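Asks: Spelled out from the first residue to the last, the chains are:
Protein chains: 2
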Amino acid sequence: MSPIGTLLWRNLRIYKIYGANTDVGKTIFTSILCNASRSIWKDEATAYLKPVSTGSDDEADDKSRMFETKKHNVLTDYDTCSHINKFAKGVIRQTLYQYSQPAISNEQILNSVYKFALDRAAAGPGWLFIETAGGVHSPSPSGTTQADLYTALRCPVVLVGDWKLGGISSTISAFESLRIRGYDVEIVVVFEDAQYGNSDYLKNYFEQRYGIAVTALPAPPPRNTYSKEQDERSLLEYYRKKSQAKAIRDTLTHLDRQHSARIKALEGMSAKAHRKIWYPFTQQKLLQPDDIVAIDSAYGSHFQTLTPESSTASNNKSLLQPSFDGSASWWTQGLGHGNSSLTLAAAYAAGRYGHVMFAGMIHEPALKLATMILDSLRNPRLDRVFFSDNGSTGMEVAVKMALRASRVRYGWSPDTKIDILGLKGSYHGDTIGTMDCAEPNTYNEKVEWYEGKGAWLDYPQIQCVAGKWQVEVPSEIATCQNQSFSDLSDVFDLERRRARGEHKVYESYILSILRQHLDAGRKFGALILEPVVLGAGGMVLVSDPLFQQTLVLFVRQNASLFGPDKLPNLVEDDKTWSGLPVVFDEVFTGIYRLGRVTAASFLGLHPDISVHAKLLTGGLVPLCVTLASECIFDAFASDEKSDALLHGHSYTAHPVGCQVAIQSLNQLQSLDKTGSWDWAKSNGWLQVANETQTCLAEPRPEIWSIWPLSLVQWISLQTNRVAGVWALGSVLAIRLNAADGSGYTSTAAEGLRKKLLHGVSSAPGVAWNVHSRVLGNVLYIMGSQLTTEQEVKEISDLLRTGFEECLTIKILWF
Amino acid sequence: MSPIGTLLWRNLRIYKIYGANTDVGKTIFTSILCNASRSIWKDEATAYLKPVSTGSDDEADDKSRMFETKKHNVLTDYDTCSHINKFAKGVIRQTLYQYSQPAISNEQILNSVYKFALDRAAAGPGWLFIETAGGVHSPSPSGTTQADLYTALRCPVVLVGDWKLGGISSTISAFESLRIRGYDVEIVVVFEDAQYGNSDYLKNYFEQRYGIAVTALPAPPPRNTYSKEQDERSLLEYYRKKSQAKAIRDTLTHLDRQHSARIKALEGMSAKAHRKIWYPFTQQKLLQPDDIVAIDSAYGSHFQTLTPESSTASNNKSLLQPSFDGSASWWTQGLGHGNSSLTLAAAYAAGRYGHVMFAGMIHEPALKLATMILDSLRNPRLDRVFFSDNGSTGMEVAVKMALRASRVRYGWSPDTKIDILGLKGSYHGDTIGTMDCAEPNTYNEKVEWYEGKGAWLDYPQIQCVAGKWQVEVPSEIATCQNQSFSDLSDVFDLERRRARGEHKVYESYILSILRQHLDAGRKFGALILEPVVLGAGGMVLVSDPLFQQTLVLFVRQNASLFGPDKLPNLVEDDKTWSGLPVVFDEVFTGIYRLGRVTAASFLGLHPDISVHAKLLTGGLVPLCVTLASECIFDAFASDEKSDALLHGHSYTAHPVGCQVAIQSLNQLQSLDKTGSWDWAKSNGWLQVANETQTCLAEPRPEIWSIWPLSLVQWISLQTNRVAGVWALGSVLAIRLNAADGSGYTSTAAEGLRKKLLHGVSSAPGVAWNVHSRVLGNVLYIMGSQLTTEQEVKEISDLLRTGFEECLTIKILWF
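For the record, the sequence lines run as chains Y and E. Counted from 1, the first sequence has number 146 at position 145 by this note's numbering; the numbering is strictly sequential. Counted from 1, the second sequence has number 361 at position 360 by this note's numbering; the numbering is strictly sequential.
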């Protein structure tokens with residue numbers, strides 16, 4: 002769906018009224034709040050909104066009949082809006098939809114609520130009370146429950162507690178359902194009832210645990226079932242009662258103060274952060290407080306961020322705007338922000354275990370996750386799961402595993418200097434050990450303890466240039482070997498390319514480089530690759546899969562190069578490693594980021610060690626798994642404790658992370674199985690493939706992205722500014738021509754980034770923007786695995802406009 | 002409170018009946034389940050337990066009057082136990098307590114429930130249905146709500162849904178309240194109601210989201226308010242109805258199957274883990290499947306673990322037993338397992354944000370936590386917070402910070418080899434960079450890329466030996482300088498010891514060692530210390546605080562030793578570092594582990610960089626903060642991006658971790674402020690201090706532990722076996738005489754560990770044990786910050802017995 006705006010205007014205090022149950026007095030409390038706000042803020046307007054009403058007159062009658070013997074006069078036989086009309090005069094009121102209306106979508110409701118609020122804000126200062134229907138989890142017309150329906154709007158809540166028998170329980174449970182969805186309940190209001198005394202217990206409970214105030218008011222008069230007129234009169238009297246005026250005034254003052262405090266806190270965050278936070282990967286001398294984006298919350302594909310001009314915003318401009326999370330929250334996000342099923346998974350494990358230490362112990366989430374991930378990768382080599390906290394530590398573990406396995410196999414002494422074999426521009430993490438796996442580069446060259454411990458091969462890159470897929474072979478590998486393909490799936494059709502002998506030039510290069518190093522006496526202990534996409538290595542780019550495949554096969558088939566290998570010649574489907582342990586760093590590429598469970602599958606290869614993080618937990622909490630073959634594991638077996646892999650973090654296999662990962666994998670697998678990405682696959686990608694396919698005997702590899710092929714091609718044709726572009730899975734990466742040199746320190750992509758950040762203020766709908774990241778002269782946009790066709794379309798349009806505008810108004814941003 | 006047993010016996014299926022609300026038919030459904038189980042499993046017994054009943058006759062009457070016009074006959078005017086008596090014949094039934102009884106503790110209720118279940122299990126196979134009171138959050142006599150009260154028992158749940166108007170909402174909310182406390186709801190049962198149709202919605206909802214089946218049954222007959230006799234007759238008829246027999250049979254069969262499946266899964270976990278998991282810090286060749294402890298859940302201070310002899314356990318032996326988490330879940334645990342306030346904090350942040358990337362952004366939990374932690378440490382030097390995922394990565398960050406600051410200050414070129422200064426036996430983490438901060442030892446000597454980059458000083462240790470606190474000075478520092486103190490707080494009284502000149506011998510040693518290294522041309526970039534307690538360095542021990550203080554002051558006062566420092570002489574309260582940046586690794590020692598917010602406070606010093614993890618999140622999810630002074634931060638300021646601290650993890654400052662940390666710090670601070678550890682302080686520790694104090698002018702440092710001084714002294718007197726012992730905060734560490742050499746690979750402490758693991762099977766109460774960890778010849782037991790006096794007493798008794806038994810029955814375990 003289109004971006005949904007969070008409701009926040011400076012001069013309009015908006016509160017959502019949720020009920021702990023049906024018929025606890027939501028409408029009556031709302032009427033009280035409406036009346037009081039009108040009498041205290043006389044120059045302001047008060048509005049009442051009922052987004053969806055159950056209340057046809059018939060239904061209301063029905064309800065009133067049902068509850069006619071209720072002790073208090075909580076439900077009236079008016080539909081709620083007419084109740085407001087009658088008992089809260091002068092209030093602007095509206096019901097948007099009736100339950101009986103067919104097919105109202107969540108998006109319609111949310112957008113209408115937004116529009117109503119926007120209009121109110123534009124009209125001047127005041128209050129807006131939005132009354133939800135039923136209890137917190139009562140279904141909306143689409144079936145989504147109230148609490149889930151309104152999450153994106155995220156306005157603060159007045160929770161109407163339940164004064165009836167059992168009401169303590171339903172009030173606390175309702176509160177918890179709201180809280181775990183990130184709602185801020187600002188106050189609980191409840192009727193006093195001498196018999197049950199719920200309000201006393203609730204006061205104590207909410208104030209002690211959450212610092213939330215509870216306002217208890219006298220209950221409305223008992224219903225007079227004989228005379229409607231009499232009933233109305235006594236209710237009017239109730240509303241006019243002076244005795245409760247102070248409590249209500251205090252309540253409204255509190256709500257008024259909370260509203261201002263929220264805005265003040267939001268507006269102060271960036272400056273405070275500028276003073277207190279030491280940011281990752283940031284030259285803070287170049288960072289101004291205004292550059293720091295204040296996030297109020299996030300839902301689905303969007304952050305809700307404070308608009309830069311908030312302090313001077315006019316009344317009709319919301320202080321918050323949806324901002325597409327274009328770095329998929331730094332590459333972790335897969336299932337949407339505020340995904341309540343992930344939240345509940347996390348909370349379940351927290352409730353069942355907290356954290357339980359893992360050495361010598363086992364718990365269900367860890368075992369289940371280990372089994373699931375081993376099964377899902379379909380790599381017959383992998384048997385063992387080692388848990389750690391993030392990609393960097395998981396790669397440290399992988400390196401320790403691989404080096405030991407090589408040293409044991411080849412009989413090297415413990416003090417032997419062992420290097421790794423990798424690709425130039427690789428990046429495996431920020432801890433010193435993984436930094437040492439990367440060739441000297443911007444990230445590490447100034448780090449005091451960095452010492453590259455490897456040999457790094459050059460490799461051919463793929464991108465779309467001027468409408469064609471180019472495999473660009475560096476001159477170190479071969480001269481004049483660049484190849485051009487009209488279809489990306491042809492590039493990935495490794496069998497055919499191999500049959501055509503395209504790999505031979507790669508083999509010669511690999512052999513020549515290896516010979517150089519080996520002849521110089523160097524020893525290698527691991528081949529470490531990021532399959533297909535090299536994530537953070539200063540650039541985002543796709544490496545020719547044929548080259549990577551050739552490299553792995555070459556290493557496996559030429560074991561004798563690396564050491565005195567006494568094993569018989571090994572075949573690919575053997576579970577024993579050969580030559581060097583092959584480590585795939587799938588921290589970024591794995592678990593559907595590129596549209597498949599593994600990026601290894603693009604290469605048709607099974608690594609001996611595979612590392613997975615980021616999407617593993619769907620974008621919620623840190624967790625990493627390093628998977629290894631039994632043969633690697635066995636290298637650590639000994640009667641000596643000190644031969645073991647003496648690595649481990651306190652939160653190893655923490656149950657919260659494992660349970661969230663199980664839930665994420667389940668959801669991602671089900672998205673895959675149920676064809677949730679069919680819209681993307683048919684977005685130009687597989688059509689092309691299928692057309693060609695008809696004349697081919699064998700199917701070609703399924704290569705696709707959520708970013709339409711037509712967009713990729715169009716961008717590639719902006720050759721004045723674009724050096725190349727590619728898309729795969731949820732990733733779109735645009736390499737711009739960099740006047741100021743390429744690499745991480747380039748600022749070439751900044752202009753495009755700012756254009757996206759400026760965003761769209763289109764009517765109808767809310768203003769929104771795209772928060773994207775640049776890596777030097779590369780700008781990338783990364784969706785989640787739930788990013789919709791509509792979102793992609795809107796961002797694509799924004800991108801095109803960005804390029805076009807910059808053409809007409811001079812290329813300011815280069 | 003004493004260990005609470007989780008309910009699990011092979012032949013007794015136990016289900017707890019929770020209600021989505023009051024009066025949704027809990028008792029009627031329970032009667033149905035009771036009747037059906039009796040008719041299907043004819044040779045078995047069915048029991049019904051109502052732990053706490055609201056039902057005096059009066060109250061019941063009262064309730065019945067209130068609800069007399071209810072549509073269905075849900076609440077009867079019998080108290081629930083007599084309802085069972087009347088309508089579920091042949092069922093063993095009991096009510097344990099009445100609400101009206103004064104002062105029933107939670108512990109009493111839980112122990113009585115356990116005892117009832119134990120007796121039922123001993124009596125033979127069957128079913129036990131435990132009916133809770135009211136809704137899931139209805140208060141128990143102590144005020145704790147039902148859901149929180151019974152968490153420790155953790156038996157699976159039958160949730161009775163709400164068929165009434167609003168019942169969809171209350172059923173889902175009630176479910177969520179249970180789920181976030183780790184309950185397994187095995188089935189939802191609900192009455193069919195044509196008007197509201199809740200059951201259809203709920204079926205769909207629970208099956209799709211959670212795979213939980215929903216059984217809908219016809220509602221009981223409408224109440225006949227005129228004739229009690231007639232009413233009973235129609236209710237009896239309802240219970241005997243054949244039409245619903247299949248649904249009930251399916252439900253019970255499902256519950257029966259789930260019970261077996263749970264046991265089977267638990268019993269299979271260790272063997273599966275043995276095949277699939279690669280354990281941290283474990284020589285798996287020496288690990289048998291039986292050595293792997295299967296954890297069902299954890300609550301408070303205890304795991305609930307599968308008993309080793311479960312497969313042969315007789316009926317009266319529970320398959321699970323509480324096992325004291327004696328490593329405080331590997332040093333992270335502070336606020337109890339399954340702490341619902343931490344769970345809700347985590348869930349709130351998950352709902353509000355999920356994860357949001359942090360570079361150039363700010364969100365409330367990160368800013369709040371940064372502010373709180375800076376404030377709470379009361380270290381005027383610290384201004385900046387850098388977030389990472391765990392102690393090891395946080396220390397990598399600290400090292401990068403410190404080395405850069407030194408290099409910039411002293412004008413060294415980027416390729417200068419810079420070492421760190423530290424103590425022998427230090428341990429800072431498992432990633433290569435932090436391993437390099439430790440002198441060669443068991444942990445790192447076999448790691449291929451380890452290369453110690455430092456100089457490590459020897460240091461005096463403290464422990465209680467034969468009743469006296471000994472400061473043992475290694476011969477490298479001085480000969481015959483061992484000192485003996487009768488009171489540990491005298492050892493920590495640094496001012497007096499300094500006045501007596503005790504630090505001078507330390508100064509000479511420090512200078513002589515430094516001179517050696519500096520004369521050899523080595524350069525140092527940081528002083529890195531674990532203040533007071535060196536956690537994992539192969540041993541657990543306390544370092545003489547006077548030595549550590551002397552070392553820091555020496556480094557700060559002799560800046561010219563380390564480089565061409567052009568700054569004027571600096572004083573201790575200056576915010577600018579002097580000599581070397583001082584890094585305190587408080588990952589383990591900080592945030593109340595030793596009874597104070599920082600261990601630095603024992604030394605009366607302020608480090609320039611301080612690293613905190615583990616207890617930071619109270620024992621729930623990984624998070625680490627590296628705090629630094631502005632002066633260190635400024636060393637990275639430049640116009641070059643590449644001069645920045647180019648470090649960062651994807652989940653940097655993840656909101657879930659930050660929110661949990663805020664909640665943890667709040668709770669820990671409030672425990673501190675409200676004197677929650679007074680019982681421990683007066684447990685021998687401060688009494689001794691106070692007695693001496695009367696004749697002293699100034700107060701002495703407050704040194705205490707939850708482990709009573711008398712226990713520490715008693716253990717220290719077992720001189721045949723004990724080399725020394727110490728306790729501080731929640732830590733107790735016993736160093737055993739090791740026949741087979743000391744150090745990490747020693748097995749000397751294994752015997753005592755096994756004794757603790759064998760545990761206690763005392764009556765009354767449940768059998769329980771202590772899960773502790775050994776580091777070579779050191780056995781330690783670590784409580785949480787909520788460990789109670791009673792728990793400490795029971796474990797102390799077990800420890801004493803352990804020592805005594807081993808004396809009489811020959812010292813088998815040495």
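Just so you know, these hints were derived from the structure itself, not from any lab. Among the clues, some could well be false.
When chains are identical, the list treats them as one kind, so a pair holds in a single copy or across two.
To be verified - Within a straight-line C-alpha distance of at most 20 Å, the following computed DMTMM-like cross-link-like pairs (lysine to aspartate or glutamate) qualify:
#1 Lys425 - Glu508
#2 Lys243 - Glu193
#3 Lys90 - Glu230
#4 Lys229 - Asp291
#5 Lys204 - Asp149
#6 Lys369 - Asp185
#7 Lys87 - Asp635
#8 Lys369 - Glu108
These figures come from a predicted structure and were not determined experimentally.
Asks: Tell me the hint numbers this structure goes against, listed in increasing order.
Replies: 4, 7 and 8
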